[in-house]
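Q: Chain residues, written in single-letter form:
2 protein chains.
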Amino acid sequence: MAGKIIDPWGSELVEDYGKIIDDFGLDIFSPEIFPEPNRIMRRGVVFAGRDLKQISNAVKNKKKFYALSGIMPTSEKIHFGNKMVVENLRYFQEHGAETYILVADLESAAARGVELEEARKRALGFHIPAYISLGLDPKKTIFYFQSENMGVVRLASEASKRITENEFKAVYGNADPGRVYSATTQVGDILFPQLKERMPGIIPVGIDQDPHIRLTRDVARRLKQKYKFFLPSGLYHKYTPSLDGGLKMSKSKPESVIELPEDMKSVKKKIMRAKTGGRDTVEEQREKGGEPEKCVIFELYKQHLIDDDKELQRIYDDCKSGKLICGEDKQNCCKLMEKFMKNFLEGVEKSKKDISKLKFIIK
Amino acid sequence: MAGKIIDPWGSELVEDYGKIIDDFGLDIFSPEIFPEPNRIMRRGVVFAGRDLKQISNAVKNKKKFYALSGIMPTSEKIHFGNKMVVENLRYFQEHGAETYILVADLESAAARGVELEEARKRALGFHIPAYISLGLDPKKTIFYFQSENMGVVRLASEASKRITENEFKAVYGNADPGRVYSATTQVGDILFPQLKERMPGIIPVGIDQDPHIRLTRDVARRLKQKYKFFLPSGLYHKYTPSLDGGLKMSKSKPESVIELPEDMKSVKKKIMRAKTGGRDTVEEQREKGGEPEKCVIFELYKQHLIDDDKELQRIYDDCKSGKLICGEDKQNCCKLMEKFMKNFLEGVEKSKKDISKLKFIIK
Numbered sequence: 322m323a324g325k326i327i328d329p330w331g332s333e334l335v336e337d338y339g340k341i342i343d344d345f346g347l348d349i350f351s352p353e354i355f356p357e358p359n360r361i362m363r364r365g366v367v368f369a370g371r372d373l374k375q376i377s378n379a380v381k382n383k384k385k386f387y388a389l390s391g392i393m394p395t396s397e398k399i400h401f402g403n404k405m406v407v408e409n410l411r412y413f414q415e416h417g418a419e420t421y422i423l424v425a426d427l428e429s430a431a432a433r434g435v436e437l438e439e440a441r442k443r444a445l446g447f448h449i450p451a452y453i454s455l456g457l458d459p460k461k462t463i464f465y466f467q468s469e470n471m472g473v474v475r476l477a478s479e480a481s482k483r484i485t486e487n488e489f490k491a492v493y494g495n496a497d498p499g500r501v502y503s504a505t506t507q508v509g510d511i512l513f514p515q516l517k518e519r520m521p522g523i524i525p526v527g528i529d530q531d532p533h534i535r536l537t538r539d540v541a542r543r544l545k546q547k548y549k550f551f552l553p554s555g556l557y558h559k560y561t562p563s564l565d566g567g568l569k570m571s572k573s574k575p576e577s578v579i580e581l582p583e584d585m586k587s588v589k590k591k592i593m594r595a596k597t598g599g600r601d602t603v604e605e606q607r608e609k610g611g612e613p614e615k616c617v618i619f620e621l622y623k624q625h626l627i628d629d630d631k632e633l634q635r636i637y638d639d640c641k642s643g644k645l646i647c648g649e650d651k652q653n654c655c656k657l658m659e660k661f662m663k664n665f666l667e668g669v670e671k672s673k674k675d676i677s678k679l680k681f682i683i684k
Numbered sequence: 322m323a324g325k326i327i328d329p330w331g332s333e334l335v336e337d338y339g340k341i342i343d344d345f346g347l348d349i350f351s352p353e354i355f356p357e358p359n360r361i362m363r364r365g366v367v368f369a370g371r372d373l374k375q376i377s378n379a380v381k382n383k384k385k386f387y388a389l390s391g392i393m394p395t396s397e398k399i400h401f402g403n404k405m406v407v408e409n410l411r412y413f414q415e416h417g418a419e420t421y422i423l424v425a426d427l428e429s430a431a432a433r434g435v436e437l438e439e440a441r442k443r444a445l446g447f448h449i450p451a452y453i454s455l456g457l458d459p460k461k462t463i464f465y466f467q468s469e470n471m472g473v474v475r476l477a478s479e480a481s482k483r484i485t486e487n488e489f490k491a492v493y494g495n496a497d498p499g500r501v502y503s504a505t506t507q508v509g510d511i512l513f514p515q516l517k518e519r520m521p522g523i524i525p526v527g528i529d530q531d532p533h534i535r536l537t538r539d540v541a542r543r544l545k546q547k548y549k550f551f552l553p554s555g556l557y558h559k560y561t562p563s564l565d566g567g568l569k570m571s572k573s574k575p576e577s578v579i580e581l582p583e584d585m586k587s588v589k590k591k592i593m594r595a596k597t598g599g600r601d602t603v604e605e606q607r608e609k610g611g612e613p614e615k616c617v618i619f620e621l622y623k624q625h626l627i628d629d630d631k632e633l634q635r636i637y638d639d640c641k642s643g644k645l646i647c648g649e650d651k652q653n654c655c656k657l658m659e660k661f662m663k664n665f666l667e668g669v670e671k672s673k674k675d676i677s678k679l680k681f682i683i684k
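Protein chains in written order, with our numbering: chain E, 322 to 684; chain X, 322 to 684.
Because the hints were derived from the structure by calculation, they are not lab data.
Predicted model only: the values in this text are computed from it and were never measured.
Wrong hints could be hidden among the right ones.
The list treats identical chains as interchangeable, and a pair is accepted whether it falls inside one copy or across any two copies.
Unchecked claim - BS3-like, lysine-lysine: derived pairs with alpha carbons at most 27 Å apart: (1) K442 / K545; (2) K460 / K644; (3) K547 / K442; (4) K398 / K547; (5) K442 / K549.
Here chain E stands alone, though its shape is the one from the complex:
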């Protein structure tokens, strides 16, 4: 490994992020490349990127660039991964990015059987308000529905001709037509803002989405002569760990995950059962101190619940010193989570009222 992930509270929950960086050929993320890095950037939760120099330059020199992400309007739930995406989108939005949110209604219709009309209803009625509630500025955001964007289709069609079956399989494992169609459509989405005006773009995603970024960069390179596209940059955050300490919260294990929104009674129960960095007995913990690096609760604080670095440091120290015991800490976590969930839901309701003012493009 060529460098070190800078994480002041060094999480040991998942040790394979270094390996991911090596395997995927990513750049390690250093928060100092961006002015006033946001919370998850400076805390090592954002841990890797691709081609960030061009975005850093654009931010510092106030040049045009874009930030883009998508919404899959299936269930009326999002997750902590979406929250981190919005946090990064918001950072770039506040630092000058033209911001795009696409609604993957074509995909939700084809892959999940959620009809276009229903997908539209869910996007407008929940997903977009949720993103706004989490910090996206609707006045500075350009929205579109995949099902109305022929520019994306045109790019997807061209992209498909620039990828061989073997390359596709090397990235995705197989070349199932459904996967091919989705992946090439995503390539179209990622490059779409440059149809109007070529500029660097940043796609903040969970690390599992890197294959799309890589594929899009390959395609952009091959379409260079025609479109002169900038290759899109990727920014990767760690997963929010599963409540039992595993790599990632997963809907397939309901006990491992907190959804947004989720009933607080259920959330509290899950938090009280979560894996911590506590010792076998209270006595032992008072003596040796806890291990916040191994604690899911601390990771929730770090990633989502505590904004103030000093407050986070205090909890870290109190845990380390044996002053703070897990039971008490979990009660605190429940309180913070309750507050967060309440704010989130109030924000959703508030944003719904302004939904008619959004800027949708049809191209």
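Assemble the complex: chain E is given as a structure, and chain X must be docked to it using the hints.
A: Using the frame of chain E, we list chain X on its own:
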């Protein structure tokens, strides 16, 4: 083989059509299933189909159905295969079909590098006028550009999720993303007319296009619960043979092919060199007679140049009896071809003037 291809002048130029019917699991075409079959239907040039009963019923009972074909606006040339497609489209159009012509501009941009604007220009400036010149009634035809039709995209996206990689490979040999994108888009094109109103549809094509029909039928079956689509029917014509007697005219061998349009000087040269059913010497031919079944010139008469069955029969008999010798016959062929080419080009010019009256849909 379950039956016999009815071809009153039994071409021996290509004997594998029986095998194709077996291999592809097609139905042998019997002209009597349609009232007043057109020239290529009654002459065995149209030789196979899929699911023609529903079209036959629609024609006879004046029920709604559609006929559909596409234009690939790359070079400003078409070929005799297109001419046969138009001949069949025209037949169905005259027998009540709602007729659709799609311009595959997305495909021409992605696969052939012909930009959308250029593709549009060529479609309006040549391909559509050429189809009208060959008999398509523009007033009864609905046109669209792939690049403007989101309904097709929506269907293509859904289709992609209903096909496995292995199925795709069994049909097309590989699952190259470009091929997947094109093929699923074609599925969307073929089913598109039923988005508005479900009804049987007939797709007249060269036999090499059957894979698309098969794939579309599979997809339509799998989308049945949602859309209740009729499975599209296919109607297959033989190829116009290569001038040297091979299976098919091919642009890759310029000597084998007559394009529409093509300079008559070049065409005449090619015709004079074409393979005939003539004997080694004129004397032998006078004595034994020629073999029109093996003659490319006779096949051109049958497929394209002679409308009157009696006239065709007379040539057949004169050749068989030794009365008609190849040199003289080729001169005759040149004359008929010249007349055809002149009419074709005049028709193109005439149709261009009315191009603004076409009915284009954007959906």
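Q: If a hint holds in the structure, say so; if it doesn't, say that too.
A: Now the hints, each set against the structure:
1. K442 / K545: between (37 Å within a copy, 25 Å between copies)
2. K460 / K644: neither (46 Å within a copy, 86 Å between copies)
3. K547 / K442: For K547 and K442, only the inter-copy Cα distance (20 Å) is at most 27 Å; the intra-copy one is 37 Å.
4. K398 / K547: Only across copies: K398 and K547 sit 25 Å apart there, 40 Å inside one copy, limit 27 Å.
5. K442 / K549: between (37 Å within a copy, 25 Å between copies)
Comparing the model with each numbered hint stated earlier shows that hint 2 is the single one that does not hold.
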